[in-house]
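Residue numbers (our numbering), protein chains in the order written: chain A, 1 to 292; chain B, 1001 to 1282.
Honestly, I wouldn't trust all of these hints.
[Said to hold, decoys possible] Restraint ranges, calculated between C-beta atoms of paired labels, are given here:
| no. | chain 1 | residue 1 | chain 2 | residue 2 | range |
| --- | --- | --- | --- | --- | --- |
| 1 | A | Ala108 | B | Thr1226 | 56 to 62 Å |
| 2 | A | Leu86 | B | Val1024 | 46 to 52 Å |
| 3 | B | Asn1049 | A | Thr281 | 47 to 53 Å |
| 4 | A | Gly100 | B | Pro1210 | 30 to 36 Å |
[Claimed, not checked] Computed far set for chain A versus chain B, every beta-carbon distance over 10 Å:
| no. | residue |
| --- | --- |
| 5 | Met33 |
| 6 | Gly80 |
| 7 | Ser91 |
| 8 | Leu111 |
| 9 | Met164 |
| 10 | Ala167 |
| 11 | Leu283 |
[Claimed, not checked] Far from chain A, some chain B residues (derived; all Cβ distances over 12 Å):
| no. | residue |
| --- | --- |
| 12 | Gly1036 |
| 13 | Asp1038 |
| 14 | Pro1063 |
| 15 | Gly1090 |
| 16 | Lys1091 |
| 17 | Thr1097 |
| 18 | Gln1103 |
| 19 | Glu1151 |
| 20 | Ala1154 |
| 21 | Leu1159 |
| 22 | Gln1168 |
| 23 | Ala1171 |
| 24 | Thr1213 |
| 25 | Val1221 |
| 26 | Ala1258 |
| 27 | Pro1269 |
Since the hints were derived computationally from the structure, they do not count as laboratory data.
By construction, the Cβ of each residue, glycine as well, lies at the ideal position given by its N, Cα and C atoms.
Letter by letter, the chains look like this.
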Amino acid sequence: MVFFSYVISGISLGSVYAIIALGYTMVYGIAKMLNFAHGDVIMVGGYISFCAISYLSLPPLVAVLLAMAVCTVLGVVIEGLAYRPLRQAGSLAVLITAIGVSYFLQNAAQLIWGVTPKIYTSVASFPLPEGLSSLGLTSEALVTIVSCIVIMLALTAFVNRTKMGKAMRACSEDKGAAQLMGINVNQAISMTFAIGSALAAIAGVLLCSSYTTLFPTTGSMPGIKAFTAAVFGGIGSIPGAFVGGLLLGIIESMAKAYISTDLANAIVFAVLIVVLLVKPTGLLGRYVPEKV
Amino acid sequence: MAKEFRRGKMVPVPSHSIVPERDVNRLPVLECQHLGIDFGGLTAVDEFNLTIGRTEIAGLIGPNGAGKTTVFNLLTKVYQPTRGTILLNGKDTHSMTTSQVNQNGIARTFQNIRLFSNLTVEENVKVGLHNQIRYPMWDGLLRLPRFWKQEKLAHESALELLSIFGMQDLASHEAGSLPYGAQRRLEIVRALATNPSLLLLDEPAAGMNPSETADLMENIVRIRDTFQIAVMLIEHDMNLVMNICEGICVLNFGRIIAKGTPEDIQANPAVIEAYLGKQKEA
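The shape of chain A in the complex, shown without the other chains (with noise of 0.2 Å):
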């Protein structure tokens, strides 16, 4: 029974990670760089939700809907001052303007909001049937999990089936070619900012309900993991992400409960090494040749 507790913490953990590198790989795979600032919108939508409910009392889902607004705007407006100016420049460039953004919003945060940790009431608290919450499943962990596969499903229609998404594919495989096609390249990189920002938003608010604690870096370090995750799963990959978050999550679990706390972290990476060596594009990740 505990172990299966720690199971579904494992799982509800990941699914956080899962829906947090859904952001990252997308961006990666369209636009070729690492938006190191995605972590820092997880955060934004974690005090825009707190602000709504908490000094506006906005409902709960109103209150989710709302940080997803201003997430996707504030997404789409970093791709525009920060990065689309830098579209012809190295990946360097538009790394470091990336950690400048992530540092940017941790400073205005601490001037907006204080350094002080603010308490977050869960939006996502309701009593659960006696036979659920005896397995250990909180009510914050279906939510989470019941999100996380929600998200999955839709995104995959939605890259899959739809034209924006066939277009988003084409922008990922070639962007020339794509451009050449009709395709105005710029809008789709706004859109998979607009969509991983939204996904940031909803991450921000499903953490801080697990979590309840909410600071200026609350972003960080899930911001990492799930970096860490979407590599894992093959940077790029939309699948990959979602695997590579939930074995991530199962795999810090298992390892803070079997193992130790402290080492948690450490064994998490050493896992991902081990794959990156026998797997170097990650689990779900397709090999790309270099033409030379």
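Starting from the known structure of chain A, fit chain B onto it as the hints suggest.
Using the frame of chain A, we list chain B on its own:
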């Protein structure tokens, strides 16, 4: 310099133009005037003047490195011209982006195949159809009726386009897994899907055997006849060029050295010199 030729000003077709008779009194699909581009101090293309009629098949030939693909990149705005004007269906493309040029009527294929190789054959064509399919994103996310209707339409037109080359049975194959010749044909189908008025083919017969080339020639003419569009092709296969092109333009060191019908070009001493070198004085 570019300013003199701004926006939709019709220029009478010059007498030395090679536009076929049936297109003479129609708005040309493409007019290039004094087009040129410098890379740093190097002039890659200069004084490129060309008019292409609405349903003309035009050839662009020249020795390696003459600037043929650069001309294609200028026309599609992959490069911004340093000088001169491009009028596409009478509209100046000066301020257009690559994707807008495509939406205004130029589609192209590539010298080295650039398909979306992880997408299926049908999806590749549908990427080409992107601007013909119209529904707001919400319809797609929520699966509203308009989404299904438009996607069904896209599926049907994709299959119809693929049937030009008899490729409809390959629709669900991954594009990267197709044999070379089929990939080349798929590139043409994908370009046609964007509903162009001018189709640019960059070495369409490269790597094809004689019978495949013969099929391709037939198909290029058939595409022109069916869609009533203009085709401009870069090709080294002189058999193909001399047989299907109505007008030919020869480029050497970035400049046009000859323009005319296949017969004119074959007899032109400057062309022979560019290809074979100067004849020794006897």
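Hints versus structure:
no.	hint	verdict
1	A/Ala108 / B/Thr1226: 56 to 62 Å	holds, 59 Å
2	A/Leu86 / B/Val1024: 46 to 52 Å	holds, 49 Å
3	B/Asn1049 / A/Thr281: 47 to 53 Å	holds, 50 Å
4	A/Gly100 / B/Pro1210: 30 to 36 Å	violated, 59 Å
5	Met33	holds, 20 Å
6	Gly80	holds, 16 Å
7	Ser91	holds, 21 Å
8	Leu111	holds, 35 Å
9	Met164	violated, 6 Å
10	Ala167	violated, 5 Å
11	Leu283	holds, 17 Å
12	Gly1036	holds, 22 Å
13	Asp1038	holds, 19 Å
14	Pro1063	holds, 25 Å
15	Gly1090	holds, 19 Å
16	Lys1091	holds, 16 Å
17	Thr1097	violated, 8 Å
18	Gln1103	violated, 5 Å
19	Glu1151	violated, 7 Å
20	Ala1154	violated, 7 Å
21	Leu1159	holds, 16 Å
22	Gln1168	holds, 19 Å
23	Ala1171	holds, 14 Å
24	Thr1213	holds, 24 Å
25	Val1221	holds, 24 Å
26	Ala1258	holds, 29 Å
27	Pro1269	holds, 37 Å
The structure fails to meet hints 4, 9, 10, 17, 18, 19, 20 from the earlier list, while all remaining hints are met.
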